[in-house]
Each structure stands twice: as C-alpha cells, then as structure tokens.
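S.K.: The whole structure should be built from the sequences, with the hints applied where relevant.
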Amino acid sequence: MPLAQGFIATGYVWPETGWRNVFHFDGTSWSALGGGAAAIEVSSAALTPQGPWLAGSIAEVGAGPSFTSSVGVALRSW
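At the far end of the sequence shown sits residue 78, using this note's numbering, and the numbering has no gaps.
Since the hints were made in silico from the structure, they are not lab data. There could be a bad hint or two in this list.
What the hints assert, rightly or not - Here are the computed distance ranges between Cβ atoms for each label pair:
{"#": "1", "residue 1": "Ser-57", "residue 2": "Ser-77", "range": "15 to 25 Å"}
{"#": "2", "residue 1": "Gly-27", "residue 2": "Ser-69", "range": "28 to 38 Å"}
{"#": "3", "residue 1": "Ala-55", "residue 2": "Trp-14", "range": "17 to 27 Å"}
{"#": "4", "residue 1": "Gly-51", "residue 2": "Gly-11", "range": "11 to 21 Å"}
{"#": "5", "residue 1": "Glu-16", "residue 2": "Pro-49", "range": "30 to 40 Å"}
{"#": "6", "residue 1": "Ser-77", "residue 2": "Ser-43", "range": "15 to 25 Å"}
Cβ coordinates follow ideal geometry from the N, Cα and C atoms, glycine included.
M.R.: Quick look at the structure:
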C-alpha cells in the first residue's frame with residue numbers, strides 16, 4: 001500500500017523478535033506500524049484518511065499495555 005513517504009506491507013510476517021504482520025517502509029528501514037498486529041495473518045488492507053484498515057485473522061493490535069482487542073478487523077489511526 002503506497003504512502004507519500006514509503007509504503008505499508010501486511011501479511012504473515014513473524015520476525016524472530018519484535019512486532020509482526022503490519023510494517024511501514026520509509027525508503028530506508030522497516031518498522032512495525034503502531035506496534036503491529038497479533039494475528040495469524042493480515043490478509044487485506046485499505047488506506048483511508050483516518051489510517052489503514054486491516055483485515056484477517058487478527059486477535060489484537062497495538063503495543064505493550066495499549067493492546068486493543070480486534071475480531072478480524074482493525075483501524076490503525078494516524
């Protein structure tokens with residue numbers, strides 16, 4: 001999914017450490033978008049003015065103490 005400054009990649013991406021399944025590439029390096037998504041996979045995404053909507057086998061999104069429960073669909077706000 002292209003953005004003005006890089007792009008977002010989703011799918012079945014489980015690095016050995018850190019967050020997974022939703023990443024932003026800024027032209028130089030990768031980082032988990034908003035903490036990633038605890039999911040088997042993120043199979044669909046749509047870019048909106050509010051942020052990317054994600055769909056798939058998603059249980060929760062976010063990072064650390066700010067996890068948000070999700071049942072298959074999540075909005076990652078800008």
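S.K.: Under the constraints set out in the numbered hints, which ones does this structure not fulfil?
M.R.: No numbers; nothing is violated.
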